[in-house]
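Participant: Each chain, letter by letter, is given below.
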Amino acid sequence: MKKILFSGFLFLSLLSLGACSSTTSPDAAKPVTQKTFTTGAIPDQDPEKLQRLYSKLSKYLEAELKVPVAYKPVTDYTAAVTAFKVGDLDMVWFGGLTGVQARLQVPGAEAIAQRDIDSQFHSLFIANKKSGIQPIQNLKDLTTLKGHSFTFGSESSTSGRLMPQYFLQQAGVKLEGDFKGQAGFSKNHDATIELVTAGTYDAGVVNEQVWQKRLKEGKIDLNQVEVIWRSPAFFDYHWVMNPSVKERFGADFPQRVQATLMKLDPNVPDQKEILELFGAAKFVPTKNENYATIEQVGRAIGKIK
Amino acid sequence: MTVITPALKWGLIGLAAIVLSLLQAGLFRQDLFNLNGVPLLWRFIVASVHPDLSTELLQTTFSATVTTLAYAVCGTFFSVILGMIGGVLASEVWWLSFGQPSRCWLLIRAAIAVPRAIHELIWGLFFVNIWGLDPLTAIVAIAIPFGAITAKVFSEILDETPRTPLLILLNSGVSPLTAFFYSLLPQAFLNLLSYVFYRFECSIRSAAVLGIIGAGGLGYEIFLSLQSLRYEQLWTFFYALFILNGLVDLSSAWLRRRLGCSSRIDLNLQQNKSKTPQKAAQNYFILIPIALFLLTLCFWYINPDFSKFWAPRTQQLFGQFVRSALPPDFSGVPQLIPQAIETVSMSVLAIAFSAFGGLLLAFPAANNFFLPGGLLNQQGNGSLPQIMFLLSRAVLLICRAIPAPIWALVVLFVMFPGILPGAIALGLHNLGILGRLMAEVIENQDQRPLAALKAQGAPNSLIFLYGVLPLTMPRFLAYSLYRWEVCMRETVIVGLVGAGGLGRSLTEQLSSFDYQALIVTLGGFLMLTFLVDWVSANARRSLR
Numbered sequence: 041m042k043k044i045l046f047s048g049f050l051f052l053s054l055l056s057l058g059a060c061s062s063t064t065s066p067d068a069a070k071p072v073t074q075k076t077f078t079t080g081a082i083p084d085q086d087p088e089k090l091q092r093l094y095s096k097l098s099k100y101l102e103a104e105l106k107v108p109v110a111y112k113p114v115t116d117y118t119a120a121v122t123a124f125k126v127g128d129l130d131m132v133w134f135g136g137l138t139g140v141q142a143r144l145q146v147p148g149a150e151a152i153a154q155r156d157i158d159s160q161f162h163s164l165f166i167a168n169k170k171s172g173i174q175p176i177q178n179l180k181d182l183t184t185l186k187g188h189s190f191t192f193g194s195e196s197s198t199s200g201r202l203m204p205q206y207f208l209q210q211a212g213v214k215l216e217g218d219f220k221g222q223a224g225f226s227k228n229h230d231a232t233i234e235l236v237t238a239g240t241y242d243a244g245v246v247n248e249q250v251w252q253k254r255l256k257e258g259k260i261d262l263n264q265v266e267v268i269w270r271s272p273a274f275f276d277y278h279w280v281m282n283p284s285v286k287e288r289f290g291a292d293f294p295q296r297v298q299a300t301l302m303k304l305d306p307n308v309p310d311q312k313e314i315l316e317l318f319g320a321a322k323f324v325p326t327k328n329e330n331y332a333t334i335e336q337v338g339r340a341i342g343k344i345k
Numbered sequence: 004m005t006v007i008t009p010a011l012k013w014g015l016i017g018l019a020a021i022v023l024s025l026l027q028a029g030l031f032r033q034d035l036f037n038l039n040g041v042p043l044l045w046r047f048i049v050a051s052v053h054p055d056l057s058t059e060l061l062q063t064t065f066s067a068t069v070t071t072l073a074y075a076v077c078g079t080f081f082s083v084i085l086g087m088i089g090g091v092l093a094s095e096v097w098w099l100s101f102g103q104p105s106r107c108w109l110l111i112r113a114a115i116a117v118p119r120a121i122h123e124l125i126w127g128l129f130f131v132n133i134w135g136l137d138p139l140t141a142i143v144a145i146a147i148p149f150g151a152i153t154a155k156v157f158s159e160i161l162d163e164t165p166r167t168p169l170l171i172l173l174n175s176g177v178s179p180l181t182a183f184f185y186s187l188l189p190q191a192f193l194n195l196l197s198y199v200f201y202r203f204e205c206s207i208r209s210a211a212v213l214g215i216i217g218a219g220g221l222g223y224e225i226f227l228s229l230q231s232l233r234y235e236q237l238w239t240f241f242y243a244l245f246i247l248n249g250l251v252d253l254s255s256a257w258l259r260r261r262l263g264c265s266s267r268i269d270l271n272l273q274q275n276k277s278k279t280p281q282k283a284a285q286n287y288f289i290l291i292p293i294a295l296f297l298l299t300l301c302f303w304y305i306n307p308d309f310s311k312f313w314a315p316r317t318q319q320l321f322g323q324f325v326r327s328a329l330p331p332d333f334s335g336v337p338q339l340i341p342q343a344i345e346t347v348s349m350s351v352l353a354i355a356f357s358a359f360g361g362l363l364l365a366f367p368a369a370n371n372f373f374l375p376g377g378l379l380n381q382q383g384n385g386s387l388p389q390i391m392f393l394l395s396r397a398v399l400l401i402c403r404a405i406p407a408p409i410w411a412l413v414v415l416f417v418m419f420p421g422i423l424p425g426a427i428a429l430g431l432h433n434l435g436i437l438g439r440l441m442a443e444v445i446e447n448q449d450q451r452p453l454a455a456l457k458a459q460g461a462p463n464s465l466i467f468l469y470g471v472l473p474l475t476m477p478r479f480l481a482y483s484l485y486r487w488e489v490c491m492r493e494t495v496i497v498g499l500v501g502a503g504g505l506g507r508s509l510t511e512q513l514s515s516f517d518y519q520a521l522i523v524t525l526g527g528f529l530m531l532t533f534l535v536d537w538v539s540a541n542a543r544r545s546l547r
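Chains A and B are the protein sequences, given in the same order. At position 117 of the first sequence the residue is numbered 157 (my numbering), and the sequence of numbers has no breaks. At position 442 of the second sequence the residue is numbered 445 (my numbering), and the sequence of numbers has no breaks.
These are computed hints drawn from the structure, not numbers from a lab. From a predicted model like this one, the values you see are computed outputs, not experimental measurements. Treat the hints with caution; some may be incorrect.
[Claimed, not checked] Beta-carbon label-pair distances, calculated as ranges: (1) L215(A) x V325(B): 27 to 37 Å; (2) Q252(A) x F36(B): 25 to 35 Å; (3) S545(B) x L215(A): 56 to 66 Å; (4) S57(B) x P175(A): 39 to 49 Å; (5) P331(B) x M302(A): 42 to 52 Å; (6) M302(A) x S334(B): 39 to 49 Å; (7) M302(A) x I340(B): 37 to 47 Å; (8) V325(B) x G258(A): 34 to 44 Å; (9) K259(A) x A397(B): 42 to 52 Å; (10) W537(B) x G342(A): 43 to 53 Å.
Think of the CB as a built atom: it goes at the ideal place given N, C-alpha and C, for glycine as much as any other residue.
Could you put together the complete structure from these sequences and hints?
Facilitator: So this is what it looks like as C-alpha cells:
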C-alpha cells in the first residue's frame with residue numbers, strides 16, 4: 041500500500057511540475073510565428089550580458105520597425121552561423137570570420153552595418169603578472185610567449201583566434217609545441233580574461249572593446265593581469281541580414297533596418313544605453329567587400345574552405 | 004610450462020593496452036596539470052554549498068528540467084518504436100519462422116550498426132543543419148541511435164528466448180505472424196520492458212548532453228552558466244539534474260521490481276531467472292494510462308514541429324548539406340591516424356578508470372553486502388556502513404548525472420587540453436553508470452555458495468576473495484567491456500569541448516564548415532567504433 045501511495049505521489053509531483061511550468065512556458069516551447077523578426081549574436085561575451093543587451097535592442101527595433109522582434113541566444117559561434125543558414129535567425133551580429141562563413145553559405149546575405157570601431161578593430165594580448173611575461177613593442181617579439189601556457193577565445197573568433205593566430209604565425213610561434221601544453225579555447229572573451237586573471241593560463245588574447253568595457257566597469261584587476269601587446273587593425277564585427285526577410289517584410293526591409301540602426305542617437309537616454317552596451321559611438325554602413333582580407337586570412341589559416 | 008588461457012590472454016592484452024594508453028597520454032613527458040587553475044576549481048566547488056535559489060532562476064530551472072524530461076520521454080518513445088520494428092527484423096528467429104532460413108537478419112543487423120556507432124550529439128549537429136533548433140532535432144537525435152541500439156538488443160533478446168513454444172505453434176500450422184506474437188513476444192516481454200526502462204534512464208542523460216548544441220533544457224542552461232563562469236547558478240541546475248536522474252532511476256527500479264524484471268541490462272541472458280510477476284494485470288492497468296498521460300503531456304509541452312519532416316525547405320537544406328559534404332576530402336588522413344590512436348587510448352583509459360572506480364564503489368553501494376544483515380555484516384551493527392551506502396550511491400548518482408562534456412570542462416580547469424582530461428571526464432561519467440550496474444550484479448547474485456562458505460566458518464576476507472570475487476568478476480568485466488564500446492562513442496563529445504583526439508579535429512572542421520573533411524573524420528570514428536565492438540565482443544566471449 042505504502043509503495044502505491046509513494047508512486048502516486050511521485051507521478052502527481054511530476055505532473056504538477058509540468059503543469060506549473062507550462063504557465064511560465066519558455067520561449068523554446070512557443071512556436072515562433074513567421075512574422076517575427078529574429079535576431080541573434082555570436083556568444084562572444086558572458087551570455088547573460090548579451091541577453092540584457094539584445095532585449096534592449098529588440099525593444100528599440102520593434103518600436104521603430106513595427107514588427108515583432110525576438111532575440112534567440114545560441115551556445116557557440118558555429119551554432120550562430122548554422123542557425124542563420126537554416127533560417128532560425130534573420131539578422132545576426134557576427135564577427136569578421138563568422139560573418140564571412142555565414143555569407144558564403146547563404147547566397148544573397150548582406151553585411152549591412154557595423155560600429156564605428158569595427159573598421160579599425162584590435163586584439164589585445166594579455167598576460168598574468170606572475171607569469172613574468174613583459175609587454176612587447178612589435179609583432180616579432182610575440183616569441184616571448186614561447187614556453188608559456190596560452191588560450192584563445194572561441195575557435196571561430198576573429199579577434200580571439202583568427203587574427204591572433206595569423207600574427208603568431210608571422211612571428212614564428214607554432215601552435216603545436218611552442219606553448220606549454222596545448223593552446224586552450226576559452227569559448228568567449230570574458231572567459232579568457234577570467235582564466236588569465238586567475239592564472240589558469242599565463243597569457244591569452246582578447247577583443248579590445250570587451251577589454252575596455254570591462255576595464256571601465258572595474259571588473260579587471262590590473263594587479264593580476266596586463267596588456268602586453270596591441271595588434272594591428274583589422275575589420276571585425278558586423279550585422280548580416282538574411283535575404284529571406286525580403287519575402288516576409290518587404291523588399292526594402294534590409295534598408296529600413298540599416299536606417300534604424302544608423303539612427304541610434306547617443307542623445308536619447310535609452311538609445312545611448314544600447315550604444316554603450318555595444319561599446320560604440322554610432323553604427324555605420326558596411327558592405328561585403330570590407331571583409332576580403334578576413335576571408336583571405338581565413339582561407340590561409342584553414343577556417344574557410 | 005606455461006598455460007595461457009583465453010581469459011589470461013585477454014587480461015594481458017588489456018593491461019598492455021592501459022600501459023600503452025598512459026604513455027600515449029603523455030604521462031611523464033608533457034605538462035599535463037595546470038596547477039594555476041586550482042583557485043578557480045576551488046571557487047567552483049565552494050559554490051556547491053550556496054547555489055542560486057532566486058525565484059527567477061528556480062523558474063528557469065523548473066522549465067529546463069521539464070524540457071529535459073520531455074525530450075527523454077519523446078525520444079524513448081520513438082526509439083522503442085524503431086527498436087521494436089528493427090529488432091524483429093534483425094532477429095534470426097523472425098526469418099526462421101517464415102520457413103526458409105535466410106541471411107536477411109545478418110544484413111539488417113549490420114545496417115543498424117552504423118546509426119548506432121554515431122553519437123547522439125553528432126546526430127543532433129546534423130539535424131540542426133536541416134531543422135534548426137526545433138525540439139524535433141533533439142527528439143530525433145535521441146531516437147535514431149537509441150532506436151538502433153534498442154533494435155540490436157531486442158533482436159538478441161528475441162534470439163535467445165527459448166524457441167520450443169514457437170516451433171510447436173508453427174508445426175501445428177499456426178501462421179508465422181500469429182505464432183510469433185503469441186509465443187515469443189510474450190515470453191520475451193519482461194526482458195524487453197526492462198531494457199526500455201534502462202533506455203529511458205540513458206535518454207535522460209542524453210537529453211542533458213544535447214543541451215550543448217543549444218537544444219534547450221538543463222544541459223543548455225548548465226553549459227551557458229559554465230561559459231559565463233556563474234557557478235552558483237550552475238549548481239542550481241546541477242542539483243535539478245541530480246534530482247531528475249535520481250527520481251527516474253528510482254522509479255524505474257521500483258517499477259521493474261514490481262513487474263518482476265530484475266536487472267537493467269542482462270548480458271548473459273541464459274542465466275536470467277526472472278520471477279513471475281504477481282498481480283501483473285493490475286500493474287499494467289495502472290501503468291499504461293500513466294505512461295500514455297506522461298507521453299501526451301511531454302509532446303504537448305515541447306510541441307515538436309512534425310511538419311518539418313516533409314517541408315520542402317527540409318529537402319532543400321538536406322540537398323545543400325549533402326552537396327557540401329561530397330566528395331569526401333581525404334587529404335587530412337595522415338593527421339587523423341595519430342589522432343585515432345589518441346582516441347582509442349582515451350577510451351581505454353576512460354574505461355580502466357571507471358571500471359576501477361566502479362569496483363571500489365559498487366560493494367558499499369550494494370544493499371546486501373556491508374549493510375547490517377548483509378553478507379559481510381550479519382551481526383547488523385554500525386551506522387558507518389549505512390553512511391557509506393548512502394555516500395557511495397550519491398557519488399555514483401552525481402558522477403552519472405553530470406554529462407561527460409561538462410565533466411571535461413571542469414577537469415580542464417586544472418589540466419591542459421589533451422586526451423588525459425578527456426579520459427578522466429569520460430571515466431567519471433561512466434564510473435557512475437558502471438558502479439551502479441556492478442552493485443546490481445552483487446545484489447542479484449546467487450547467495451547460496453557464499454552462505455555455504457559462511458556456514459563453514461570462513462572469515463570475511465576469504466569469503467570475499469574466494470566466493471564473491473570469482474562469482475562477480477566475469478560479469479563485472481563483461482559490463483566494463485560493454486561500456487568500453489560506449490566510451491569509444493563518447494570520446495567524440497568530450498573532444499568537442501577541447502579534450503583532444505579525433506574530437507578536436509571534428510571541432511575545427513565543424514567550426515570551419517569543412518564538411519568534406521568532416522565526413523572522413525566521422526568515417527574514421529565509425530571504423531574505430533566497429534574495431535572496439537569487435538575486440539570487446541571477442542573478449543566477452545572468452546569470459547563466458
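Participant: Starting from the hint list further up, note which numbers the structure goes against and sort them upward.
Facilitator: 3, 7, 8, 9 and 10
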